[in-house]
Amino acid sequence: MAGEVLVRLLGVRKGFGGVVALDGVDLEVRRGEFFSLLGPSGCGKTTLLRLLAGFDTPDAGRIEIAGKDMTGVPPYARPVNTVFQNYALFPHMTVEGNVAFGLRMKGLPAGEVRRKVAWALELVDLLGLERRYPRELSGGQKQRVALARALVLEPEVLLLDEPLSALDLKLRQELRVELMQLQRRLGTTFIFVTHDQEEALVMSDRIAVMRSGRIEQVGLPDEVYERPKNRFVADFLGRSNFLPARPHPLGAETPLGPLRLREPLAREAHLVIRPEKIRLYPLGNGVPARENLVRARVEEIVYTGAENQYYLRAGEVRLLAYTLNQDLQEPGAEEFAYGEEVFCYLPPENLVVVHE
Amino acid sequence: MRRLLTLHAFLVYLFLYLPILVIVALSFNQSRRGVRFTGFTLDWYRALFQDPRVLEYFLNTLMVAFVSTLVATLLGTLLAVGLVRYRFPGKGFLSYLLYIPVVVPDVVMGVSLLLLFALAREVLGFPRLSLLTVILGHITFQVAFVTLVVRSRLLLLDPALEEAARDLGARGWQTFWHVTLPLAWPGVAAGALLALTLSLDDFVVTFFTAGPGATTLPLYIYSSVKLGVSPKVHALSTLIIGLSAFFLALGYALTRRRV
Amino acid sequence: MNEAATPWQRAFRVLVTVGPGGLWLLVFVLLPTLLVLLASFLTRGPYGELTGPWGFHNYAKLFHPVYLEAFAQSLLVGVLATSISALLGYPLAFYIARHPQRDLLLFLLLLPFLTNFLIRVYAWLVLLQREGLVNALLGAFGLGPLVLYPSFFAVLLATVYTFLPFFVLPVYASVERLDWQLLEAAYDLGARPVRAFLHAVLPQTYPGLFAGSVLVFIPAMGTFVVADLLGAGRVVLMGNLIQQQFGVTRDWAFGAALSVFLMGFVLLSLYLYARLQGERGLKDLV
Chain U
1 MAGEVLVRLL
11 GVRKGFGGVV
21 ALDGVDLEVR
31 RGEFFSLLGP
41 SGCGKTTLLR
51 LLAGFDTPDA
61 GRIEIAGKDM
71 TGVPPYARPV
81 NTVFQNYALF
91 PHMTVEGNVA
101 FGLRMKGLPA
111 GEVRRKVAWA
121 LELVDLLGLE
131 RRYPRELSGG
141 QKQRVALARA
151 LVLEPEVLLL
161 DEPLSALDLK
171 LRQELRVELM
181 QLQRRLGTTF
191 IFVTHDQEEA
201 LVMSDRIAVM
211 RSGRIEQVGL
221 PDEVYERPKN
231 RFVADFLGRS
241 NFLPARPHPL
251 GAETPLGPLR
261 LREPLAREAH
271 LVIRPEKIRL
281 YPLGNGVPAR
291 ENLVRARVEE
301 IVYTGAENQY
311 YLRAGEVRLL
321 AYTLNQDLQE
331 PGAEEFAYGE
341 EVFCYLPPEN
351 LVVVHE
Chain E
357 MRRLLTLHAF
367 LVYLFLYLPI
377 LVIVALSFNQ
387 SRRGVRFTGF
397 TLDWYRALFQ
407 DPRVLEYFLN
417 TLMVAFVSTL
427 VATLLGTLLA
437 VGLVRYRFPG
447 KGFLSYLLYI
457 PVVVPDVVMG
467 VSLLLLFALA
477 REVLGFPRLS
487 LLTVILGHIT
497 FQVAFVTLVV
507 RSRLLLLDPA
517 LEEAARDLGA
527 RGWQTFWHVT
537 LPLAWPGVAA
547 GALLALTLSL
557 DDFVVTFFTA
567 GPGATTLPLY
577 IYSSVKLGVS
587 PKVHALSTLI
597 IGLSAFFLAL
607 GYALTRRRV
Chain P
616 MNEAATPWQR
626 AFRVLVTVGP
636 GGLWLLVFVL
646 LPTLLVLLAS
656 FLTRGPYGEL
666 TGPWGFHNYA
676 KLFHPVYLEA
686 FAQSLLVGVL
696 ATSISALLGY
706 PLAFYIARHP
716 QRDLLLFLLL
726 LPFLTNFLIR
736 VYAWLVLLQR
746 EGLVNALLGA
756 FGLGPLVLYP
766 SFFAVLLATV
776 YTFLPFFVLP
786 VYASVERLDW
796 QLLEAAYDLG
806 ARPVRAFLHA
816 VLPQTYPGLF
826 AGSVLVFIPA
836 MGTFVVADLL
846 GAGRVVLMGN
856 LIQQQFGVTR
866 DWAFGAALSV
876 FLMGFVLLSL
886 YLYARLQGER
896 GLKDLV
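Protein chains in written order, with the working numbering: chain U, 1 to 356; chain E, 357 to 615; chain P, 616 to 901.
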């Protein structure tokens, strides 16, 4: 991902009352990126966003945007615009009034304002609704107006604070794709806050996973998903199976027995394996290897349309495995029943070592 | 039980309206004293309109009310914005200070202002008690009420709206003018209306801060009554009652319609 | 404000908004109050104005029976007015709250209240005086004329009349928010109507009751106009005393002491109220 660093946070710390919201955060966001801040509520992602926008000031540390120190710089002077979680549309102005607001504050002539507003509304597919008031709009429409209002000012960075969380599923999925396309089309740097890991994985160029005011891991979506740095990240993105492990000549000693790893374990840790990486085989034929094979019984099956989720038990250990719901004619496609005993194969390359 | 309650309510309302109705009735009464209705007349109204002083007092009252309401609304609205949006040393103290004009009996307020003006005369050489000092006194208690009303309205406002304005490039006064004020307007209007009513009605504070030549209608009514009730005062009162009732009914109808 | 800004910008914003109003309050509220406090320790000069020496003599004077009586009478008016307002106003609040046209009824309740205060007071003078309506009515039944004016009774009556809506409004607000299901629960559990009311409904209206009482008690204690017009010198309350010191009697120092005393009493009542109720009562004023 080539691109200069546009936004930089250095040692940023922020507390409210006695509570620490951000505990020494360092971060870099590059120009043109779709960057997500992902984490559970209370992890500090919204606080971080507000500091970037200028609505709050850090207790310690520095924020640089486009190379300039933003200390003491008010929101209206920053090359940054925000899309608020509840849209914050001005109820006493029309759609046109809302979108044109920033342009009017700058003092642009009426003709130019009109042109730009039309451009922005076209971007979000809302031409024709200029005269409506926010109370007459649906959630999705309000969302787009908020977007248009911010984008019309052509900011260097667009901050989005959980913009899709108030919408229903279908709308959310549609808007996700639209947002991605919009970002690519405009090339604006997006910093997107969400607690929905699927959203982050789908939309982002890079993700920063946060917890309790600290950044746990930053990386490309597949990095963060496939190679989580710690238990929290592994658990927060998708589902995982965790196995406590100790060093063993083969690789690791676990409650499931010895397992081969790509590299033997140096010290005590946890092993993480994603449910979709575990391959299930019926007892008897076609097992791919002798090692990393665990015998388990199917306790529960959850059907989610696109996949089957198998809740398995091997001795004391519970495992979760996913299989795609393929046509049963396909070679290798299997379906298992309640209580059936199966073989679970845990490929060494998919066992990730995680400390803490 | 219900019927008892209804009867009680009816009697209370009767109690509330009786004095007013009597005044209105007496204003048309031919005889000067007593309650016997001796005949219908508009003499007292004529006498009222022919009295140049009454017009003067009426205009005084209006002027005081409008000027003081204007100033108090301005001061109070700004103060409310400051109290809600910002933190500063002495904020708590100022909030408590705000409640004093609201809570303290009128007499004490009037007395304190009298002392203030006396001191000012000693030290600065002015002001003498006049309509100006009445206006100053009115503004003082009005500011407190306006601030409280506007403040409660502002607290209902979503702070994200002002943040959005700042984010989009609005500077301080732009945010205030384009976003805060339009949205807080009902509160400001209510505060101004309250202030206006308080000023028109005020007697005690005016009593202490008015000088010769600075008579308002309430003061005039008071001194007339002390001299002896005359039907001219009844006529004046009826007019005031009528006007108040008219404006109140108007306000009431307007608020009904908006819903 | 937490927004990013330079300290100069912050200071400017605070000054522009809080400055004018705050300054006004300091000059016209704080300063006068301090002056009153100050004056209460001074002495009456030859023309009634304030001079040295300093001392507590004015406060000592307060304990003179005459003045104590005025205080006692004010207290009596306050308590009685509050009680009568409660008796009249409490059922009324219920009636209005349960009525389909409650907006109209509220409007009608407030209408007399919002016409000029003085008019309403002197109207009672007209009604109660020797040739007034009340006596005329009594005369129609052959009953002798009563001296209702001037009297303590007249003052009390007019005080109740003036401040009654102040009591009804907060109670009305409480009643509107009542959870009637508690009453049904009480019935269900076997309570008779009276007890059910006392245990299920009344306690819920305490906040309104307290607020209403305070809103009547404090002004009632401090009023002077009502006593002046309807007491005609025979009923002297704290308010009248104070007014006299600045008028006829011309003893500003003593008047200041009286004011301080009255203010202190009012603040004490409010403090007790706040301790009992929290600070929400004051918002019910508007």
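Don't read these hints as lab results, they were simulated from the structure.
Hints are not guaranteed to be accurate.
Said to hold, decoys possible - Computed, partial: chain P to chain U, Cβ under 8 angstroms:
id, residue
1, 617
2, 621
3, 788
4, 791
5, 879
Claimed, not checked - Footprint (simulated), chain P over chain U, 3 or more residues, beta carbon under 8 angstroms:
id, segment
6, 55-61
7, 251-261
For glycine and all other residues, C-beta sits at the position ideal for the given N, C-alpha and C.
Structure-based check of all given hints:
1. The criterion of a C-beta within 8 angstroms of any C-beta in chain U is met by residue 617 of chain P, whose closest approach is roughly 5 angstroms, and the hint holds.
2. Annotation: residue 621 of chain P was flagged as interfacial toward chain U, and the flag holds, the nearest CB pair being 5 angstroms apart, inside 8 angstroms.
3. Interface hint status for residue 788 of chain P: violated, as the beta-carbon distance to the closest one in chain U is roughly 27 angstroms, over 8 angstroms.
4. The beta carbon of residue 791 of chain P comes no nearer than 27 angstroms to any beta carbon in chain U, farther than 8 angstroms, and the hint placing it at the interface is violated.
5. This hint is violated: residue 879 of chain P has a C-beta 36 angstroms from the nearest C-beta of chain U, more than the 8 angstroms allowed.
6. Residues of the segment 55-61 of chain U with a Cβ under 8 angstroms from some Cβ of chain P number 3, which satisfies the need for three, so the listed coverage holds.
7. Using a Cβ-Cβ cut-off of 8 angstroms, 0 residues of the segment 251-261 of chain U lie near chain P, which falls short of the minimum of three, so the contact claim is violated.
The structure fails to meet hints 3, 4, 5, 7 from the earlier list, while all remaining hints are met.
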